[in-house]
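Chemist: Those protein sequences? They're chains A and B, same order as listed. Each residue of the first sequence is one higher than the one before, starting from 17 at the first, in my numbering. Each residue of the second sequence is one higher than the one before, starting from 17 at the first, in my numbering.
Hints listed in this document are in silico derivations from the structure and should not be mistaken for laboratory results. Backbone N, C-alpha and C define an ideal beta-carbon position, used for all residues, glycine too. Treat the hints loosely; a few may be bogus.
[Claimed, not checked] Beyond 12 Å from chain B on every Cβ pair, some chain A residues (computed):
(1) A188
(2) A218
(3) P391
[Claimed, not checked] Ranges of calculated distance between the beta carbons of each label pair, as one might list FRET restraints:
(4) A:P195 <-> B:E27: 47 to 57 Å
(5) A:E285 <-> B:D187: 55 to 65 Å
(6) B:A356 <-> A:N133: 31 to 41 Å
There are 2 protein chains.
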Amino acid sequence: MTTIPSGLLPEGLSDRLPPLAEASAWLARRVLDTVASHGYERVMPPIAEFEDTLVSRLKSMKAQDLVRAIDPVSQRSLALRPDMTAQVGRIAATRLAAAPRPLRLSYAGPVIRLRANQLRPERERFQIGAELIGSDSVAAAVEIVNVAIEALQAAGVTGITIDFTLPDLIDALAAGPLPLAPEEIEAVRAELDAKDAGALAAISPAAAAYLPLIEGTGPFHAAMERLEALNADLGGAIDSRIAGLRAIAKPIGWDISLTLDPTERHGFEYQNWFGFSIFAEGFTGEIGRGGSYAIIRADGSEEPAMGFSLYPDPLIDAGFGGEAPRRLFLPLHHDAARAAQLRAEGWQTVAALTPQENGEALRCSHWLDGTEPRPY
Amino acid sequence: MTTIPSGLLPEGLSDRLPPLAEASAWLARRVLDTVASHGYERVMPPIAEFEDTLVSRLKSMKAQDLVRAIDPVSQRSLALRPDMTAQVGRIAATRLAAAPRPLRLSYAGPVIRLRANQLRPERERFQIGAELIGSDSVAAAVEIVNVAIEALQAAGVTGITIDFTLPDLIDALAAGPLPLAPEEIEAVRAELDAKDAGALAAISPAAAAYLPLIEGTGPFHAAMERLEALNADLGGAIDSRIAGLRAIAKPIGWDISLTLDPTERHGFEYQNWFGFSIFAEGFTGEIGRGGSYAIIRADGSEEPAMGFSLYPDPLIDAGFGGEAPRRLFLPLHHDAARAAQLRAEGWQTVAALTPQENGEALRCSHWLDGTEPRPY
Numbered sequence: 017m018t019t020i021p022s023g024l025l026p027e028g029l030s031d032r033l034p035p036l037a038e039a040s041a042w043l044a045r046r047v048l049d050t051v052a053s054h055g056y057e058r059v060m061p062p063i064a065e066f067e068d069t070l071v072s073r074l075k076s077m078k079a080q081d082l083v084r085a086i087d088p089v090s091q092r093s094l095a096l097r098p099d100m101t102a103q104v105g106r107i108a109a110t111r112l113a114a115a116p117r118p119l120r121l122s123y124a125g126p127v128i129r130l131r132a133n134q135l136r137p138e139r140e141r142f143q144i145g146a147e148l149i150g151s152d153s154v155a156a157a158v159e160i161v162n163v164a165i166e167a168l169q170a171a172g173v174t175g176i177t178i179d180f181t182l183p184d185l186i187d188a189l190a191a192g193p194l195p196l197a198p199e200e201i202e203a204v205r206a207e208l209d210a211k212d213a214g215a216l217a218a219i220s221p222a223a224a225a226y227l228p229l230i231e232g233t234g235p236f237h238a239a240m241e242r243l244e245a246l247n248a249d250l251g252g253a254i255d256s257r258i259a260g261l262r263a264i265a266k267p268i269g270w271d272i273s274l275t276l277d278p279t280e281r282h283g284f285e286y287q288n289w290f291g292f293s294i295f296a297e298g299f300t301g302e303i304g305r306g307g308s309y310a311i312i313r314a315d316g317s318e319e320p321a322m323g324f325s326l327y328p329d330p331l332i333d334a335g336f337g338g339e340a341p342r343r344l345f346l347p348l349h350h351d352a353a354r355a356a357q358l359r360a361e362g363w364q365t366v367a368a369l370t371p372q373e374n375g376e377a378l379r380c381s382h383w384l385d386g387t388e389p390r391p392y
Numbered sequence: 017m018t019t020i021p022s023g024l025l026p027e028g029l030s031d032r033l034p035p036l037a038e039a040s041a042w043l044a045r046r047v048l049d050t051v052a053s054h055g056y057e058r059v060m061p062p063i064a065e066f067e068d069t070l071v072s073r074l075k076s077m078k079a080q081d082l083v084r085a086i087d088p089v090s091q092r093s094l095a096l097r098p099d100m101t102a103q104v105g106r107i108a109a110t111r112l113a114a115a116p117r118p119l120r121l122s123y124a125g126p127v128i129r130l131r132a133n134q135l136r137p138e139r140e141r142f143q144i145g146a147e148l149i150g151s152d153s154v155a156a157a158v159e160i161v162n163v164a165i166e167a168l169q170a171a172g173v174t175g176i177t178i179d180f181t182l183p184d185l186i187d188a189l190a191a192g193p194l195p196l197a198p199e200e201i202e203a204v205r206a207e208l209d210a211k212d213a214g215a216l217a218a219i220s221p222a223a224a225a226y227l228p229l230i231e232g233t234g235p236f237h238a239a240m241e242r243l244e245a246l247n248a249d250l251g252g253a254i255d256s257r258i259a260g261l262r263a264i265a266k267p268i269g270w271d272i273s274l275t276l277d278p279t280e281r282h283g284f285e286y287q288n289w290f291g292f293s294i295f296a297e298g299f300t301g302e303i304g305r306g307g308s309y310a311i312i313r314a315d316g317s318e319e320p321a322m323g324f325s326l327y328p329d330p331l332i333d334a335g336f337g338g339e340a341p342r343r344l345f346l347p348l349h350h351d352a353a354r355a356a357q358l359r360a361e362g363w364q365t366v367a368a369l370t371p372q373e374n375g376e377a378l379r380c381s382h383w384l385d386g387t388e389p390r391p392y
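Okay, chain A solo, but in the shape it has when bound (with noise of 0.2 Å):
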């Protein structure tokens, strides 16, 4: 066995230093302030479940990605979280059964899995977000895109882009207006995925009627007439859809980009109706996903939800967060009571323990001279 250096941490985990760890807390408060000033109300899940009671909340994940461990007391399988949708689905389902509907939950919290995939090296996320159980309504989805967007700008972030999906447009529309055979929904899919219009027309007539949903992608406004043009063709079979996407549309600022992909399942493995990407200008892939689904109560029925959630890793590590706060060297002897009264006003203190130690090389900006912060 090769010697590995002692500080070395496995592959996809990583230690966050300051100031960067600072500016990360500074953006989950910010985030968890904007949801909860919105009446979303804290929980708090475990970081490990029993691995059956968690995988069957998660259609997308696979027993292998998870971290597992075989718990001592009950002999069963435990499962660290890969996501804490399902988790906070759990609790809604059981614990808060009877709580009023609609009931507003936020979270925030480290999530891993065991393997990572090729797009997102990191093992370690940190998740927040924000669910609102009782509907899935256009006014559900109203809040929930504008609570996540109004949260993005309080933590800082500009150039943000809002990517509208209809996850469950293909069934619907192949169990209805336009009929697929069922061997054929899948290949539509992915040529739909592939923006490849000659193969998806080659997989039969049938299959060549889904080619409008080609071009209605793209900047949302333009992409939205091609899917009018599309339901008026098909007799309004869509109507409500659109009406939906135009109504949660309509009260966002002319500061964020829409675009729709009303194809676009990555991700969305668990949303019905409405889905949607968060991107942020100068960040490659989202940052944030949300939208419909349904959560399965205690007697197998299911309740409508809409929620969204946040991975602000990739934020944090291109430096967003708070300002620096002001640094002030206390010598030996200082006055403790002016001190306290100046860490009250916003300065952080750094008190000597030594005469020989330097302030400035602590990255102090000030010393306290006397009762006053002096600048080095």
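Based on these hints, arrange chain B on the given structure of chain A.
Modeler: Positioned in the frame of chain A, the structure of chain B alone reads:
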């Protein structure tokens, strides 16, 4: 296999629900803000590491107590952190090895172990702490003890007791003024733990010389007098420890109870000359702990350090935390600009999604009538 309700959690793992989850977040913020105001900068280590890196820095941790998994990338064993202090030590010794000393770092997050112990059935705990790296002097101890007290008081904790200990005192006495045969040391420790004077005296005449340490336990000032009498009998052999304890105790306010148990060792496996436990009125078991220790540098040498960790879960479960927010119901078609203004003033708003909703049932104390909040 019996059917287990899908909402059930493994023993020792639990959900924290409103309003306790919010109280938990509030308490953590107050502690972290206090610690930051004294110049401690945040670090965020990952939730999992290579098992050997983690265990080598955790003297008292058995591998079977850890949640472990084989890393599919490196084929090495990963372990979830059961403690964050060791991770902060690793960071100080590696990535921050060149940062100026004293280095002040803070941290907060979940820690988990696979096996709980009888005293503490919970397997996941929240840990918050601060470490001062580069000194284990009396001045460092004064700072750490007082920052810990200030942080708890900022979070509203009253009735605080600090119990001081001298973790390596017996080793120091046995190697010097009160020699013991190597095979006697463990027996002397055990009888001192049990405070059993008869059994201690029965070990040997050498062991009987440790009897005054049993009397040197209890309320700080009385216990110190007995420890000082022993020190006088030993010709001042523990002068520096006596002076250290006196200096640490001196600035602590009258509202804090101080006790001394000079031979207490449980939970102080890696501390050396100084340790302390924190208790609060009405809570059985300690809510925090700290002391002096050594960090192993990359070259194998040792660096002195001083720190504390809090485990605030019992406080939170008892309801410590901020006051309940004011919740304001927003009927359909409310004045959105006014609602935003009220949120900025500290209201939490709950927006109606349908005409049927009842704000009182959603636990709102007020509703927005035009531009004015009205009580229900």
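Chemist: With 31 to 41 Å as the target window, see if B:A356 and A:N133 comply at their CB atoms.
Modeler: Holds: the Cβ-Cβ distance is about 39 Å, inside 31 to 41 Å.
Chemist: Determine whether the non-interface label on A:P391 survives the test: each CB of chain B must be over 12 Å from its CB.
Modeler: holds, 17 Å
Chemist: Is the Cβ of A:A188 farther than 12 Å from every Cβ of chain B?
Modeler: holds, 23 Å
Chemist: In terms of Cβ atoms, is chain B entirely out of 12 Å range of A:A218?
Modeler: holds, 39 Å
Chemist: Check the following: the C-beta atoms of A:E285 and B:D187 are separated by a distance inside 55 to 65 Å.
Modeler: holds, 59 Å
Chemist: Honestly, do A:P195 and B:E27 meet the 47 to 57 Å range at C-beta?
Modeler: 52 Å Cβ-Cβ, so the 47 to 57 Å window holds.
Hint check: no violations occur; every hint is consistent with the structure.
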